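S.K.: Residue numbers (our numbering), protein chains in the order written: chain A, 1 to 370; chain P, 1001 to 1370; chain L, 2001 to 2405; chain R, 3001 to 3405.
It is worth saying that the hints were derived from the structure and are not from the lab.
Computed from a predicted structure; not experimentally measured.
Taking lysine-lysine pairs in the BS3-like style, the calculated list, with each CA pair at most 27 Å apart, reads: (1) LYS2048(L) - LYS2066(L); (2) LYS1010(P) - LYS2294(L); (3) LYS3324(R) - LYS2324(L); (4) LYS113(A) - LYS189(A); (5) LYS10(A) - LYS3294(R); (6) LYS3324(R) - LYS3294(R); (7) LYS2294(L) - LYS2324(L); (8) LYS1113(P) - LYS1189(P); (9) LYS2048(L) - LYS2027(L); (10) LYS27(A) - LYS189(A); (11) LYS3053(R) - LYS3066(R); (12) LYS2393(L) - LYS3393(R).
Which chain A residues face chain R? A few, computed with CB under 10 Å, are given here: (13) ILE267; (14) ASP273; (15) ALA289; (16) THR305; (17) ALA306.
Just so you know, even glycine gets a beta-carbon here, dropped at the ideal spot from N, CA and C.
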Amino acid sequence: MNFDFSDDLKQLRDQARRFLAEQSPPKVVRQVLEGGEPYAVALWQAMAEMGWLGAAIPEQYGGAGLGYEGLCVLAEELGRAVAPVPFASSAYLAAEALLLAGSDAQKRRLLPKLADGSAVGCFALAEGTGNPDPAHVSVRATGGRLTGSKWPVMDGDIAGFAVVVARDDGGETALFLADLAADGVSRRKLTTVDPSRDHARIDFAGAAAERLGARTGWPLVQRLLERAAILVAFEQVGGAQAALEMARDYALERYAFGRPIGSFQAIKHKLADVYVAIELARSNAYYGAWALSADAAELPLAAATARVSATEAFHLAAKENIQTHGGIGFTWDVDCHLYYRRSKQLALALGSAPWWKHRLVELLEMRNAA
Amino acid sequence: MNFDFSDDLKQLRDQARRFLAEQSPPKVVRQVLEGGEPYAVALWQAMAEMGWLGAAIPEQYGGAGLGYEGLCVLAEELGRAVAPVPFASSAYLAAEALLLAGSDAQKRRLLPKLADGSAVGCFALAEGTGNPDPAHVSVRATGGRLTGSKWPVMDGDIAGFAVVVARDDGGETALFLADLAADGVSRRKLTTVDPSRDHARIDFAGAAAERLGARTGWPLVQRLLERAAILVAFEQVGGAQAALEMARDYALERYAFGRPIGSFQAIKHKLADVYVAIELARSNAYYGAWALSADAAELPLAAATARVSATEAFHLAAKENIQTHGGIGFTWDVDCHLYYRRSKQLALALGSAPWWKHRLVELLEMRNAA
Amino acid sequence: MDFNDTPDEAAFRAEARTFLQANAEPKSRARPVLRLGDLGGDAVAQCKAWQAKKADAGFAAISWPKRFGGREASPILQVIYHQEEENYAVPRGLFEIGLGMCIPTMMTYAQPEQLDRYVRPALRGEEVWCQLFSEPAGGSDLAALRTRAERDGDDWVINGQKIWTSGAHLSDFGIIVVRTDPNVPKHAGLSFFFLDMRSPGIEIRPIHQMSGASHFNEVFFTDVRVPDAQRLGAVGQGWQVSLTTLMNERLAVGEVHRPDVEDLLELARALMLSGNGAVRERIADWYARTQGLKFTRFRTMTALSRGQTPGPENSIHKLVNASKLQDIASYGLDLMGMAGLVMDDDLAEAYAMFQQALLSSPSARIAGGSDEILRNIIAERVLGLPADIRVDKDRPFSQVPTGRR
Amino acid sequence: MDFNDTPDEAAFRAEARTFLQANAEPKSRARPVLRLGDLGGDAVAQCKAWQAKKADAGFAAISWPKRFGGREASPILQVIYHQEEENYAVPRGLFEIGLGMCIPTMMTYAQPEQLDRYVRPALRGEEVWCQLFSEPAGGSDLAALRTRAERDGDDWVINGQKIWTSGAHLSDFGIIVVRTDPNVPKHAGLSFFFLDMRSPGIEIRPIHQMSGASHFNEVFFTDVRVPDAQRLGAVGQGWQVSLTTLMNERLAVGEVHRPDVEDLLELARALMLSGNGAVRERIADWYARTQGLKFTRFRTMTALSRGQTPGPENSIHKLVNASKLQDIASYGLDLMGMAGLVMDDDLAEAYAMFQQALLSSPSARIAGGSDEILRNIIAERVLGLPADIRVDKDRPFSQVPTGRR
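All chains should be modelled from the sequences, with the hints used to inform the complete structure.
M.R.: Here it is as structure tokens:
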């Protein structure tokens, strides 16, 4: 047993941290948050050049072949930097969908573009309010044409193509590729609690769609969500850790009643609780990273566990960071809200905590029945 | 609007508090807890002499006619003293069952005895694991004979008669009176988390039963539980307040690191949270007392609300009282555990919090639909 | 204990109802009412018009003395009026601080002729007041304020900065506490004034909050002259005067936060999730807390109506409400699932009320006394536990550490 | 990152499995294993017999040096052995303190000939050790201890009282920290010894807990003589030695608490409540915490196996586990409804395991470092936040306030 990242990956982490501290400081996040640009384009290009976008894409498809552990390490750092880039959509969800379900031709066509950044992909599942559920899929792909609306689609306004969950001619759930610049596609940028990450509503009115691979059925979607949940858990842990450090630093700097506020137990114990939540989440995320790398049978349960822990930890860390800062904590100019927004965005992106908790227990029950 | 007890009742409260501080100190509770006697007999007799046992029983049936507010005031003080007497069983549940459902003859026969203490009643609803539910009632009263088992029955080992929830000849839920000294009744004292209050299993094997009044149906049981829940909420608030005061006093007395432990925010803020929980519970209990006195339409919702708040407050106060005391808090010789045990006993006695929460929302839904 | 109106109360309730029916629109629950900070010019005019109407009908200051336009009536009547007004969409948010904190402080400390000048215009909404207490270096440690006032003839000259001043940009007058002697321990060197917000040397800058709103302002003072006649209380007694103001703050009727538990119940119903046990338990918990607060306020009002002074136990309200609001908002988004983050008016559930509250609720746990300060107040002043160990207590203010450097 | 065994680890696991299959009974989940304090005479004999067998097979001290009977192996192997042993009903609870805390402290501070005398008998379970630190006046403030030792020739004479001493009545030897100089600040006046628990002048009284168990004792010392040769560390260095012991405590493998989340899942299933959303969400939360702790321990073991020193971050375990245990127990009773309070063996669900835990769990949040102390440790030593303001730090111990009087 070896429950830690390799030295190579730790080096990648340190390098990524230094890079992002420079290339994705709060100023860059605010650029997107305040509508200056739809995502951090220069940062994205730099990430492409470093090979991050194809981190887990096999070399035969133009990727860096760092494997999933490498992707996890990068995700944690991107989370820490609240990076305003479509990494989760393009490098986890779209790339994973292609790897899981795509034909060899589709992989050959699209994966190299995702890896070099010449294409940005997104994943279109939600159709309005609700958590992931086959019963909520009503977009149809009939005769190779998509009809219906998907929203919110993370990065849907900046992606070039989407992997769309839709019903095929037989009414089965399946994945389809849609060129978002094609006829019959209209997009609308959405306002969300986290404007530092793009979201769109995509309406398909008979847009051309290409079936992704040959498999059908909801378990494919479920599997994709599980794999993405582990990667997002690393983003969440990274974000939570950054929020905790910001709170800790402020608690040391800020004086009240003649002493640093970090010397009051109300602050000390609050931040200790945040630390505990993050460490539990981090450990569960590590287990998820292993399950992902090893493609282990434990992956679904590991993913649900990592997601539940990480969602709780990031929300707690983000809100108590604001609280620790007091008044300035809720102003626009101080960076606390970047984490708070992102914590809720990530909490909802792949289905909210109640849904994952339900799923976790379902998996426990299945395991115990076996 | 006048949201406070009258001066007369405040006087009754002060008097009861003084009396119980003298007559029901922890030593008396431990007498029962440690098996010295099944309940505090001398205390019970003194309570009978003061008219407490018939506080809410109308004068025409031998009661003191103090009304329900008077009963609430006494309940709070008995809760504060963790009094080891069958008050809730005899003076709330059995007396209320008679008042709600009994024929005039039954009231005439039994209420005066409950009021003067010559009889102790109890209420037999549970049949093992589970919360109140008509589907869980399987004891039958066929041809005036009871068959089946009831457990746990609070004060079932010391009561002279029981009000038993059973199915009548037509299979309907109804209330029956059973003499617990009669043939066909066997009783067994149970071990519980709170041995300072008697509990029994009662087995009926064709024991004689007399129907209580003429009404049938589960709503009668529900109504009885709701009325009792308000009274028990006062017991819970009283117990919680006593536990908070005990913790506060200890936090002032006990020094660590050269200062009273009550000067540490970890203790201060913990006890502030306990205080807040108790005040919310107290206010909800007050509303319940009004609903009970006025026999208001709001009673069911007021009862569920009071029960949910009071159960939470007492459990929190009791467990954090132990925590505040540190090591000695969990020893047998220090009184913290008397409150902790009683908090859980009262939390379960009339159905546990999840059941009441479900009921509360059901009532909200009914109200909003109306 | 009686929850029903007495005959007098019933008569007053009928009067209030008649007034409201004739003068205001019934509220629809669906759409929350605007708050201060979202107030544009039109809204300010509407607030002022409504306040004048309310004052003229005798509903603006129910418990105030008659000579100031009040009814000298029981606080219970105030509760009754609020209960009735809650059913109407009336414009609010502009006068709470002036009438709840500033003018009551004036009534305690100002001269009779000053009261004759200022009280009625404030009551009728003709003049708006704000409260200038907090400072950047102060925060929870309110008395650590550094804005200086120096005596110059019959005037005082104020230099420094205040922050978190609600409605400063809409205000005509303000009350302010300043340091008049930095060489004594911090609570001893303060004095209290009221001033004209149009005085030369005052600059007001709105603070942009994360929610997008700008309820608060920074207020900069450069050689602002205030006549000594506008001092409230003795020189060096500013802290005591401030405590009067803050005590009145605790008496103010708490803001109604939306979404509340009824909104959550409605959301759960709309999403067909109200049968879920987890949803039900949360709704029950929040409902019990909401009711507990409501009835705690009724207990306070009963005590007040008997002439008792309300204590720090009222800190309960904000402590419970602020976290409840944040939790309900966050949970509401969870119930909405993947679309919970969307705020577009035409797509978001419940007019994006939950999303707006997610972004505005962090301030509720901080502004007007943070959770931590409120717990300290309860622990110390209600439960009698010792104060925190103070390292700044007996030192001259100028020698108290203010940072690591 | 690799969750699978290396070839060496797999070989060791096979060896452990073979040993356990041949020597122990597989555990049934239904009935929890007895704990220390419930140990009667027979159980003590069983514990000792099993310990001897385990030591002889080389599984009792996997990471210890070979000269003391260990394997000098990676802590990962220790984890593997524990994973395997968990599946068997082996008698435990008598040697954790001796082997986890006392003997490691001896290894750091005792003389070689003392180690030759004491280590092997302890490892084989022939001699039981206890740890005498806490005192009635101390509690969380461990260093405030008052038990005195005064030098008399080659001996020290101990007078005073210790408390919360697990297993004192079953012990042959103990380690003790005492005050040798009350006229210096409290941490500076302590010294550390080991002693024979049969020494004249030692009186042991069991402490009756609210759960009915008596895990702990009070130990009274009246003119107990201890040779100076049994001093560990220099005179006045007792606090530093104590910290070594406490550091080893944090390394010990945490007790497995029952009921755990699997027990709750099983209970919910048995009561047909596992479909309820509220039950599911709680189970998911507790499962995620349980797994998080398990993998946090794996991370620590990986760090240890690379020669890193584990830090105070291990305080997480007890902090999370103790409250979890109390909450699971209480919630289990809630699920049982009205009968949840019944403890009779033939009637109670799950052999009254939940009820027993309700009564024993309050001690888990206190013994071995209260929740509050653990949060302070994390805040100060992990996050680097300042220590609490200390009023006792630079005063002679004899002048530190100890009460209101």
